[in-house]
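Number of protein chains: 4
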Amino acid sequence: METLRQRWRHIIFGTDTPAGQMFDMLLIGAILGSVIAVMLDSVSSIREEYGVLLYAAEWFFTLLFTVEYAIRLWVSDRPLRYARSFFGVVDLLSVIPTYLSLFIPGSNYLLTIRALRVLRVFRVMKLAKFMGEANQLGIALVRTRRKIAVFMFSVFVVIIIFGSLMYVVEGPENGFSSIPQSIYWAIVTITTVGYGDISPQTGLGKLIASLAMITGYAIIAVPTGIVTAEISAARVSMRYERECPGCHRHSHEPDARFCLQCGEELPKLSLKGPDD
Amino acid sequence: METLRQRWRHIIFGTDTPAGQMFDMLLIGAILGSVIAVMLDSVSSIREEYGVLLYAAEWFFTLLFTVEYAIRLWVSDRPLRYARSFFGVVDLLSVIPTYLSLFIPGSNYLLTIRALRVLRVFRVMKLAKFMGEANQLGIALVRTRRKIAVFMFSVFVVIIIFGSLMYVVEGPENGFSSIPQSIYWAIVTITTVGYGDISPQTGLGKLIASLAMITGYAIIAVPTGIVTAEISAARVSMRYERECPGCHRHSHEPDARFCLQCGEELPKLSLKGPDD
Amino acid sequence: METLRQRWRHIIFGTDTPAGQMFDMLLIGAILGSVIAVMLDSVSSIREEYGVLLYAAEWFFTLLFTVEYAIRLWVSDRPLRYARSFFGVVDLLSVIPTYLSLFIPGSNYLLTIRALRVLRVFRVMKLAKFMGEANQLGIALVRTRRKIAVFMFSVFVVIIIFGSLMYVVEGPENGFSSIPQSIYWAIVTITTVGYGDISPQTGLGKLIASLAMITGYAIIAVPTGIVTAEISAARVSMRYERECPGCHRHSHEPDARFCLQCGEELPKLSLKGPDD
Amino acid sequence: METLRQRWRHIIFGTDTPAGQMFDMLLIGAILGSVIAVMLDSVSSIREEYGVLLYAAEWFFTLLFTVEYAIRLWVSDRPLRYARSFFGVVDLLSVIPTYLSLFIPGSNYLLTIRALRVLRVFRVMKLAKFMGEANQLGIALVRTRRKIAVFMFSVFVVIIIFGSLMYVVEGPENGFSSIPQSIYWAIVTITTVGYGDISPQTGLGKLIASLAMITGYAIIAVPTGIVTAEISAARVSMRYERECPGCHRHSHEPDARFCLQCGEELPKLSLKGPDD
Chain S
40 METLRQRWRH IIFGTDTPAG QMFDMLLIGA ILGSVIAVML DSVSSIREEY
90 GVLLYAAEWF FTLLFTVEYA IRLWVSDRPL RYARSFFGVV DLLSVIPTYL
140 SLFIPGSNYL LTIRALRVLR VFRVMKLAKF MGEANQLGIA LVRTRRKIAV
190 FMFSVFVVII IFGSLMYVVE GPENGFSSIP QSIYWAIVTI TTVGYGDISP
240 QTGLGKLIAS LAMITGYAII AVPTGIVTAE ISAARVSMRY ERECPGCHRH
290 SHEPDARFCL QCGEELPKLS LKGPDD
Chain E
40 METLRQRWRH IIFGTDTPAG QMFDMLLIGA ILGSVIAVML DSVSSIREEY
90 GVLLYAAEWF FTLLFTVEYA IRLWVSDRPL RYARSFFGVV DLLSVIPTYL
140 SLFIPGSNYL LTIRALRVLR VFRVMKLAKF MGEANQLGIA LVRTRRKIAV
190 FMFSVFVVII IFGSLMYVVE GPENGFSSIP QSIYWAIVTI TTVGYGDISP
240 QTGLGKLIAS LAMITGYAII AVPTGIVTAE ISAARVSMRY ERECPGCHRH
290 SHEPDARFCL QCGEELPKLS LKGPDD
Chain G
40 METLRQRWRH IIFGTDTPAG QMFDMLLIGA ILGSVIAVML DSVSSIREEY
90 GVLLYAAEWF FTLLFTVEYA IRLWVSDRPL RYARSFFGVV DLLSVIPTYL
140 SLFIPGSNYL LTIRALRVLR VFRVMKLAKF MGEANQLGIA LVRTRRKIAV
190 FMFSVFVVII IFGSLMYVVE GPENGFSSIP QSIYWAIVTI TTVGYGDISP
240 QTGLGKLIAS LAMITGYAII AVPTGIVTAE ISAARVSMRY ERECPGCHRH
290 SHEPDARFCL QCGEELPKLS LKGPDD
Chain X
40 METLRQRWRH IIFGTDTPAG QMFDMLLIGA ILGSVIAVML DSVSSIREEY
90 GVLLYAAEWF FTLLFTVEYA IRLWVSDRPL RYARSFFGVV DLLSVIPTYL
140 SLFIPGSNYL LTIRALRVLR VFRVMKLAKF MGEANQLGIA LVRTRRKIAV
190 FMFSVFVVII IFGSLMYVVE GPENGFSSIP QSIYWAIVTI TTVGYGDISP
240 QTGLGKLIAS LAMITGYAII AVPTGIVTAE ISAARVSMRY ERECPGCHRH
290 SHEPDARFCL QCGEELPKLS LKGPDD
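Listed in order, the protein sequences are those of chains S, E, G and X. 315 is the number that our numbering gives the last residue of the first sequence; the numbers go up by one with no jumps. 315 is the number that our numbering gives the last residue of the second sequence; the numbers go up by one with no jumps. 315 is the number that our numbering gives the last residue of the third sequence; the numbers go up by one with no jumps. 315 is the number that our numbering gives the last residue of the fourth sequence; the numbers go up by one with no jumps.
Hints are supplied without guarantee of correctness; some may be wrong.
One-sided excerpt, in silico: chain E residues whose CB lies under 10 Å from chain X [what the hints assert, rightly or not]:
#1 94
#2 96
#3 139
#4 140
#5 233
#6 263
#7 284
#8 288
#9 300
#10 301
It should be emphasised that the hints constitute simulated quantities derived from the structure, not laboratory data. Note that the Cβ used here is the ideal one computed from N, Cα and C, for glycine as well.
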């Protein structure tokens with residue numbers, strides 16, 4: 040006999056039972072509905088007409104998600120672990136803004152953080168293949184974290200230098216009103232966004248700005264190179280996965296006949312299409 | 040003896056006969072002419088002077104393409120299959136706007152959808168090599184579809200978060216008049232387009248905008264990495280098709296006749312090379 | 040005994056003799072000087088003060104380059120071949136605008152085409168390594184030409200569709216005054232340049248523009264992937280170059296002991312650093 | 040017995056002793072503090088209120104760094120070598136602007152060059168792994184320097200041509216007031232920054248600008264391809280270091296103990312792996 044707690048756990052965590060699938064579909068629907076409601080509420084013409092309805096919807100979804108959060112804590116074997124997991128934090132952040140808006144008006148627009156909950160869709164739809172791809176991508180990106188950190192750190196130092204140089208050259212009369220403002224300009228320029236809300240007016244300023252642009256245009260090659268090299272490597276190593284019967288090593292070259300770790304003969308590789 | 044239907048089929052689908060080639064050249068010419076006519080018609084100074092002529096041209100091309108569409112349906116062995124194919128849909132969409140413009144003024148400018156018909160040029164010019172390249176590219180891109188989908192989905196969630204954060208921070212008085220409007224700003228910023236029609240005015244807004252820009256600048260590396268890895272892999276996937284009978288080496292260049300490791304003669308490879 | 044023609048040929052084409060080196064240095068100096076003179080002449084404040092001097096400099100350099108062009112034709116064994124080569128055409132275009140400016144005022148600013156002559160610097164400085172790199176790059180890019188052409192053609196069709204869609208949606212009252220103008224906007228947007236001189240005003244227009252931006256942001260991955268895959272392949276194949284003593288094939292895998300084409304044993308590969 | 044000089048050397052260069060670690064932490068703190076002080080001083084509202092305090096802080100940090108620089112010169116075995124090293128020059132440039140501001144007002148904002156000193160953080164935190172990544176990145180980038188130089192040189196010539204073409208076509212009345220100004224526009228456009236402070240007004244100008252944008256959009260693939268190929272190569276260059284005594288295969292993973300082709304034991308590899 041199932042207890043109530045067990046039954047709820049099957050509904051919430053089960054993806055095979057009809058009840059679990061129904062719950063997942065309703066949850067995704069509720070998340071999308073609540074995000075759209077917050078968005079519509081921010082459009083003044085819609086709020087004027089349907090404000091009461093949207094306010095009701097906001098509290099309805101918030102109470103729903105609060106109950107859901109409580110049940111998740113209740114049925115979880117390790118409630119604290121769930122509460123500190125990525126989705127646990129997101130689930131909590133998805134309900135706080137409404138309660139907060141009772142004290143701080145406007146904070147309920149932060150409810151769109153609920154959009155992050157939509158990422159559950161990967162699990163809900165049992166898109167194992169998508170999850171595999173997402174994991175593969177995630178692993179590759181995690182492996183590049185140190186190289187990317189070194190790169191971003193260096194870029195940030197370059198941005199500070201360019202920013203303060205432009206502050207000295209252009210000065211407040213041309214819109215570069217302070218060094219933080221100039222650094223904002225440098226970020227806008229080096230990332231090639233280029234709003235044009237602040238732009239150099241003097242000849243020397245334009246020369247320095249040109250250097251900043253060319254720098255930004257050229258160095259985008261670096262993170263791209265880092266990530267590409269890693270994804271290429273991850274792609275190759277995952278494609279030809281075979282387990283050694285001797286030492287259980289997984290990663291082997293496609294043309295390997297013997298394990299490079301223990302010398303055991305490997306099972307033959309029947310080449311599959313790369314992703315399908 | 041050919042029936043009329045067979046003769047037309049040879050004209051429309053044949054690429055080797057003089058009649059078929061003539062038809063293809065005329066068709067491409069008519070497509071280009073009709074697209075240019077629609078474009079010119081939209082320039083008010085030209086329309087004022089040559090409006091009647093361009094109107095006549097539009098109906099001429101539309102009737103021509105309508106007849107062509109009817110003939111294609113008629114001569115095709117599986118008319119429904121053609122009608123639902125990519126080019127079948129494009130062919131239909133290429134004539135509808137003119138008829139529609141009798142009821143909804145202005146809809147005839149959608150006739151530029153005819154530009155899609157120009158893609159037939161690949162077939163017409165019998166550019167087998169170009170088609171091979173296009174196929175190779177297409178296969179590589181299709182294989183990345185799931186990774187790209189995961190990436191785009193994640194980016195879209197990030198865009199929603201940034202958008203609503205800016206709506207709360209900057210607010211309607213600085214141009215961020217609603218969350219959809221702020222999301223539009225976030226897309227403009229993260230894709231590094233940067234029109235500057237909406238830009239942050241407050242210090243905190245500029246800080247968040249800077250984060251959005253750096254995010255957009257850095258994550259472009261991800262789809263690039265995915266696509267590059269796939270295209271690279273498409274180039275090398277030919278290599279693991281044969282085993283050397285002498286030393287059991289698997290990895291051989293497509294044009295290898297002897298094993299590069301032991302000098303043994305290799306079995307013949309019947310597959311075609313990737314680029315030539 | 041050298042004839043005058045032979046002596047001039049040694050001066051112009053020689054890169055080893057002192058006279059040849061002196062000529063090359065003077066030529067690069069004259070090219071740079073003439074380009075800078077044209078640039079300065081376009082700045083109105085400078086032209087007002089030094090106009091006569093810059094006008095004299097322009098005619099001095101033009102006559103100098105005209106004489107040089109004549110001598111090159113004279114000393115060349117195949118004058119027509121030189122005249123039709125890349126540098127031959129550039130050399131001619133470098134002098135024409137000045138003569139043309141006698142009839143069409145303002146055309147002398149096209150003299151900056153002379154900047155192309157600066158590319159001779161690669162030869163002058165005998166930067167064999169640079170030339171090797173340039174060739175390697177050039178070969179890789181030439182190999183991608185068909186794939187890039189297919190890509191650019193498809194992008195252009197997408198640009199036409201987006202452009203005319205926006206013309207219908209936004210219309211002349213929002214700056215999209217004609218389809219060519221809308222296509223210009225689509226190019227500005229899809230290449231992520233984003234001037235902001237024309238930007239969508241309506242909600243539907245912003246939605247379509249967002250799609251255009253995301254398209255432009257995502258598809259940049261395609262040419263990058265194509266070029267990267269080709270450069271990677273070129274890099275690997277050039278690095279391990281060995282000639283087979285039997286059949287003279289050049290390209291071999293780094294771990295090859297026997298020629299994959301004729302089975303002959305290959306010379307050992309002493310691994311060098313990749314570029315130095 | 041340590042002399043005073045030896046003791047200071049241990050403090051400044053030591054990273055293992057408590058005194059050395061304390062010094063490093065204080066130094067990073069002082070660098071960050073001094074950079075933030077300069078930034079705050081440039082914000083007029085803050086300067087008005089805390090100007091005296093920030094002025095004092097600036098002189099405090101400057102005198103501190105001056106003393107530190109003197110001590111580094113004193114304790115160094117080769118003072119000249121330190122003075123000419125990257126960090127030696129940065130250390131000197133970090134104090135000069137304050138002294139210079141006694142004569143040239145405003146030059147003290149160049150103090151943000153001190154931000155470069157923050158790069159010492161890599162050493163201070165003994166982030167050996169980060170340094171390894173930085174080195175690996177640096178080596179790959181250094182190897183691409185010639186290809187990148189050829190590319191940048193060619194791009195610059197293209198920019199000059201586009202710039203002067205637009206000067207002739209658009210002219211001063213549309214904001215293209217001189218060739219240097221037009222070249223600035225060309226850089227803004229080709230790097231896809233797109234401020235929009237100068238943009239083409241005529242039809243022909245928009246056509247040329249479109250070509251410039253598409254050029255800039257497409258050629259970003261080239262440096263990305265160069266850098267990616269080099270980073271990828273740096274990852275795999277470890278593989279061709281050992282030959283199997285059984286089957287003479289050369290290509291083995293760095294962590295292989297047995298040949299993956301014949302199962303023979305491989306000679307030990309003394310080199311370290313690329314990433315760990």
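Hint by hint, here is what the structure shows:
no., hint, verdict
1, 94, "23 Å, violated"
2, 96, "22 Å, violated"
3, 139, "30 Å, violated"
4, 140, "26 Å, violated"
5, 233, "7 Å, holds"
6, 263, "7 Å, holds"
7, 284, "13 Å, violated"
8, 288, "6 Å, holds"
9, 300, "6 Å, holds"
10, 301, "7 Å, holds"
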